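**Student:** Input sequences plus hints: build the corresponding full structure.
Protein chains: 2
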Amino acid sequence: MTENGVSPRAKVLTIDTMNPTVKKVEYAVRGPIVQRAVELERELSEGMKKPFAEVIKANIGDAHAMGQQPITFFRQVLALCSYPELLNDSTFPEDAKSRARRILQSCGGNSMGSYSASQGIDSVRQDVAGYIERRDGGVPCDPDDIYLTTGASDGIVTMLKLLVCGEDETRTGVMISIPQYPLYSAALAELGAVQINYYLNEEKCWSLDISELQRALDEARRHCNPRALCIINPGNPTGQVQSRECIEDVIRFAAKERLFLMADEVYQDNVYADGCHFHSFKKVLFEMGPEYSNTVELASFHSTSKCYMGECGFRGGYMEIINMDSEVKAQLTKLVSVRLCPPVPGQALMDLVVNPPQPGEPSYDNFIKERTATLNVLAEKAKLTEQVLNTVQGISCNPVQGAMYSFPCITIPEKAIKEATDNGQQPDMFYCMKMLEETGICLVPGSGFGQRDGTYHFRMTILPPTDKLKILLKKVKEFHQKFTEQYS
Amino acid sequence: MTENGVSPRAKVLTIDTMNPTVKKVEYAVRGPIVQRAVELERELSEGMKKPFAEVIKANIGDAHAMGQQPITFFRQVLALCSYPELLNDSTFPEDAKSRARRILQSCGGNSMGSYSASQGIDSVRQDVAGYIERRDGGVPCDPDDIYLTTGASDGIVTMLKLLVCGEDETRTGVMISIPQYPLYSAALAELGAVQINYYLNEEKCWSLDISELQRALDEARRHCNPRALCIINPGNPTGQVQSRECIEDVIRFAAKERLFLMADEVYQDNVYADGCHFHSFKKVLFEMGPEYSNTVELASFHSTSKCYMGECGFRGGYMEIINMDSEVKAQLTKLVSVRLCPPVPGQALMDLVVNPPQPGEPSYDNFIKERTATLNVLAEKAKLTEQVLNTVQGISCNPVQGAMYSFPCITIPEKAIKEATDNGQQPDMFYCMKMLEETGICLVPGSGFGQRDGTYHFRMTILPPTDKLKILLKKVKEFHQKFTEQYS
Ligand SMILES: Cc1ncc(COP(=O)(O)O)c(C=O)c1O
Ligand SMILES: Cc1ncc(COP(=O)(O)O)c(C=O)c1O
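Just so you know, the protein sequences line up as chains A and B, in that order.
For the first sequence, UniProt numbering begins at 1 and goes up steadily by one.
For the second sequence, UniProt numbering begins at 1 and goes up steadily by one.
The set of hints was computed from the structure by calculation and includes no laboratory data.
Computed from a predicted structure; not experimentally measured.
One should not assume that every hint holds.
Calculated lysine-lysine pairs in the DSS-like style (CA-CA distance at most 30 angstroms, straight line) [claimed, not checked]:
id, chain 1, residue 1, chain 2, residue 2
1, A, 334, B, 24
2, A, 256, B, 256
3, B, 256, A, 11
4, A, 161, B, 256
5, A, 23, B, 23
6, A, 334, B, 11
7, B, 434, A, 11
8, A, 97, B, 97
9, B, 334, A, 50
10, B, 23, A, 24
11, A, 23, B, 97
12, B, 334, A, 11
13, B, 161, A, 24
14, B, 97, A, 334
15, B, 161, A, 11
16, A, 23, B, 24
17, B, 23, A, 329
18, A, 283, B, 24
19, B, 369, A, 23
20, A, 23, B, 477
21, B, 97, A, 24
22, A, 329, B, 256
23, B, 161, A, 334
24, B, 11, A, 434
25, A, 474, A, 418
26, A, 468, A, 482
27, B, 329, A, 24
28, B, 161, A, 329
29, B, 418, A, 334
30, A, 24, B, 434
31, B, 204, A, 23
32, A, 161, B, 23
33, A, 329, B, 24
34, A, 334, B, 256
35, B, 334, A, 161
**Tutor:** As structure tokens, this is what we get:
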């Protein structure tokens with residue numbers, strides 16, 4: 001009570017008076033497990049005794065944080081662009097200098113400190129278009145259809161934002177895979193759109209069944225207006241790589257059902273399994289002929305954060321927009337202009353990814369060496385992870401065909417399920433929290449991505465260095481065995 | 001018509017079926033005038049004949065694009081962080097190296113390519129807190145109250161997003177100054193919040209009258225729920241610097257009327273006029289005593305884009321949150337985690353801005369020299385702009401006390417107003433478009449920022465290099481005279 005007898009001034013902004021859609025957002029990848037992991041790290045550094053010497057974070061696809069090295073050429077060019085005095089430094093290779101000069105010439109006042117066009121720097125968008133054409137065997141790409149973004153996250157949220165309208169039964173519904181990357185559910189919650197779940201088929205290596213898409217769509221049509229279908233390929237958290245046939249089927253489905261397609265292809269270079277190849281939705285769409293390529297609306301997304309570069313912190317990315325209504329496109333351009341522009345260093349990096357050293361250029365050999373080494377190690381670790389996890393009774397793991405994660409199914413004993421639910425916790429959250437406290441290993445519970453009722457999973461990145469990954473897998477194995485015994 | 005007689009498949013996403021709130025967004029700073037300016041540049045470069053040799057863009061606060069030079073020290077550190085091999089290069093000063101080492105040590109895997117904590121890198125937030133304490137004469141600042149952002153734009157939109165709720169008469173209203181920086185109206189339109197206009201007093205040098213705040217608030221309360229008050233100081237587009245008394249009055253008003261305060265202070269170092277000083281809302285709030293400092297909710301925003309650094313392309317910024325409800329703060333932290341993190345190079349740059357070279361360090365003298373030179377030139381150009389514009393009959397310009405813009409009032413003859421409105425154009429858009437076509441000078445019409453009915457303005461940055469600014473001002477003068485004659 002204050003002097004005049006009224007209670008202290010209530011806040012203007014409280015949990016009860018804040019934006020209700022923001023409250024509905026959930027984001028597991030950086031949720032309570034990770035917060036506890038950070039606390040544990042602090043406690044360890046303060047000398048507190050724990051049953052482990054270090055916290056190993058396998059919760060997020062953050063390659064450099066796990067020790068992956070950046071591509072030398074990319075960083076040389078970024079340094080040259082940051083401090084152009086270095087263009088006079090003879091230790092920098094000529095191809096790095098010429099890339100830097102080209103980027104700087106496209107910047108206002110020759111400085112990365114200028115705002116770029118809101119859609120992104122022209123020359124970078126041209127280079128992206130050239131990359132897409134080469135990647136897709138010559139299918140044409142118009143730089144005007146390219147929007148540079150602040151990481152793929154930004155592009156995905158922007159596209160979803162354009163799509164949302166209507167109230168109640170006419171509210172926009174968006175189909176997303178379960179398990180999903182939780183950016184999608186978070187963005188849909190924030191936008192107040194209806195999330196339509198379709199389940200990937202765990203028995204068939206997390207593949208996508210059209211019959212399941214149809215089931216989910218038919219059900220959703222009873223209470224909302226489904227307008228978009230999101231695909232992640234290669235998959236996060238599930239690590240599958242879609243076959244060409246599957247992609248064709250999805251495109252046919254989208255055409256028949258009038259759905260806007262969103263293809264999240266940020267892992268397009270992360271394909272490891274024999275017989276698996278990356279097929280872009282754009283390429284398949286165009287090879288299916290004009291009936292499809294002139295009509296199906298598609299947005300596809302790429303990023304500097306994954307693949308062999310793993311440059312998450314620069315927040316680079318692009319989206320390509322196919323068959324978008326021209327008035328809507330003008331609205332999109334206006335919308336992105338409000339935030340002024342994506343970060344220019346991220347745009348520069350995206351440019352290097354799509355326009356790396358060419359045969360004959362001084363940096364070519366080293367670039368290929370570094371890229372190959374990184375991708376080979378990832379392929380090895382993908383295999384290792386699958387193999388070791390499948391030796392554990394009560395853990396069953398699909399092959400990690402691509403991307404950077406395994407998402408094994410775990411058997412949790414009834415007693416543990418009961419203890420968790422009695423405490424109001426998801427059983428796999430209970431499991432992962434216990435693993436963190438006992439081993440220092442930080443994984444994300446499957447419930448953060450979605451899974452079929454009654455099944456439990458965790459997501460684990462394959463990114464730790466091989467020696468650490470081996471320790472991690474051994475500890476997971478031991479923990480699982482102990483946990484199973486304890487609750488049996 | 002296709003073979004089977006139905007019209008070609010209608011698009012899923014059309015202007016009629018897209019998000020209606022996005023359609024309502026307007027953004028003048030990058031609107032039709034700028035698009036035409038870009039076209040004109042292209043036409044010139046293709047050899048087309050024009051009544052001018054170059055397009056001079058004075059439409060946007062993009063310092064480097066206008067030739068302002070980056071601070072050497074900042075760019076050295078960024079180069080070192082981008083390509084840490086350079087730490088072995090003896091030509092880089094030691095203080096640059098030690099800053100780079102500190103930043104890299106705070107990055108996962110010592111790489112700017114790692115995602116940071118979503119709230120921003122810990123050590124950067126600590127440095128920001130130290131800066132604020134020094135700036136505010138020792139008023140304490142908790143690094144936990146600091147959120148690093150993707151430019152100030154990102155922080156502003158995020159805070160507005162938290163505040164919006166309710167329907168119809170209970171819908172959140174947000175008070176913004178008119179003229180305003182159009183990010184605010186755009187964000188409010190997108191969020192479906194109610195924009196409450198309060199007019200700055202052009203007769204009194206664009207100052208803020210509490211009676212006008214009260215008028216706007218009382219009127220708004222009849223149809224919405226006003227919850228926040230946004231202030232831009234120093235002002236964009238109006239260039240005024242608020243007095244300490246005015247800030248106190250605003251804080252008292254916010255306390256009495258229970259409004260969440262948002263203080264946009266991105267121009268905090270851009271103060272030129274004699275007798276004007278920058279007072280942060282935070283400092284004034286705390287000096288008003290616990291009755292205010294313990295209750296009034298405040299978010300203040302800063303950026304790497306303005307002041308003497310002008311590093312817009314890096315998209316660095318921070319916000320400080322005072323007296324925010326702890327549950328809401330947890331929601332804010334969750335919300336920002338969905339986008340993963342602000343760009344790390346922008347965070348690094350923000351760190352350098354708040355922790356520049358210190359006396360005794362090798363880069364100190366040069367840093368001070370560069371900063372002072374830039375700010376002095378801006379002060380000169382502020383004065384020059386005001387002086388020249390006020391020599392033109394029919395143009396009347398308040399002093400540019402701070403920020404980077406003048407926003408003069410222009411007299412447009414009745415005949416021109418009629419011609420414009422007959423063409424469905426705002427009269428000042430008509431004026432600026434004509435100026436662009438005839439002189440190559442790109443300004444933004446006052447209608448893009450808001451102005452009292454029946455008054456007309458344009459916004460012009462003071463950023464072009466002095467010699468170009470002189471030409472520009474001369475051309476504006478001649479154009480205005482000719483235009484006035486033509487339509488009289
Ligand atoms: C499937 C998928 N899409 C998008 C993203 C967003 O990445 P960014 O915003 O860093 O480009 C991620 C990040 O992990 C992802 O896994
Ligand atoms: C008043 C004001 N606030 C915020 C911004 C946003 O700047 P940024 O997002 O580049 O930090 C600007 C840019 O001009 C501005 O003038």
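**Student:** Could you run down the list of hints and mark each one as holding or not?
**Tutor:** Against the structure, the hints come out as follows:
no.: 1; hint: 334/A to 24/B; in the structure: holds, 11 angstroms
no.: 2; hint: 256/A to 256/B; in the structure: violated, 59 angstroms
no.: 3; hint: 256/B to 11/A; in the structure: holds, 12 angstroms
no.: 4; hint: 161/A to 256/B; in the structure: violated, 37 angstroms
no.: 5; hint: 23/A to 23/B; in the structure: holds, 25 angstroms
no.: 6; hint: 334/A to 11/B; in the structure: holds, 20 angstroms
no.: 7; hint: 434/B to 11/A; in the structure: violated, 50 angstroms
no.: 8; hint: 97/A to 97/B; in the structure: holds, 23 angstroms
no.: 9; hint: 334/B to 50/A; in the structure: holds, 28 angstroms
no.: 10; hint: 23/B to 24/A; in the structure: holds, 25 angstroms
no.: 11; hint: 23/A to 97/B; in the structure: violated, 43 angstroms
no.: 12; hint: 334/B to 11/A; in the structure: holds, 20 angstroms
no.: 13; hint: 161/B to 24/A; in the structure: holds, 13 angstroms
no.: 14; hint: 97/B to 334/A; in the structure: violated, 41 angstroms
no.: 15; hint: 161/B to 11/A; in the structure: holds, 17 angstroms
no.: 16; hint: 23/A to 24/B; in the structure: holds, 25 angstroms
no.: 17; hint: 23/B to 329/A; in the structure: holds, 11 angstroms
no.: 18; hint: 283/A to 24/B; in the structure: violated, 35 angstroms
no.: 19; hint: 369/B to 23/A; in the structure: violated, 48 angstroms
no.: 20; hint: 23/A to 477/B; in the structure: violated, 54 angstroms
no.: 21; hint: 97/B to 24/A; in the structure: violated, 44 angstroms
no.: 22; hint: 329/A to 256/B; in the structure: violated, 45 angstroms
no.: 23; hint: 161/B to 334/A; in the structure: holds, 19 angstroms
no.: 24; hint: 11/B to 434/A; in the structure: violated, 50 angstroms
no.: 25; hint: 474/A to 418/A; in the structure: holds, 27 angstroms
no.: 26; hint: 468/A to 482/A; in the structure: holds, 21 angstroms
no.: 27; hint: 329/B to 24/A; in the structure: holds, 15 angstroms
no.: 28; hint: 161/B to 329/A; in the structure: holds, 24 angstroms
no.: 29; hint: 418/B to 334/A; in the structure: holds, 29 angstroms
no.: 30; hint: 24/A to 434/B; in the structure: violated, 49 angstroms
no.: 31; hint: 204/B to 23/A; in the structure: violated, 43 angstroms
no.: 32; hint: 161/A to 23/B; in the structure: holds, 11 angstroms
no.: 33; hint: 329/A to 24/B; in the structure: holds, 15 angstroms
no.: 34; hint: 334/A to 256/B; in the structure: violated, 38 angstroms
no.: 35; hint: 334/B to 161/A; in the structure: holds, 19 angstroms
Of the numbered hints stated above, those contradicted by the structure are hints 2, 4, 7, 11, 14, 18, 19, 20, 21, 22, 24, 30, 31 and 34, listed in ascending order.
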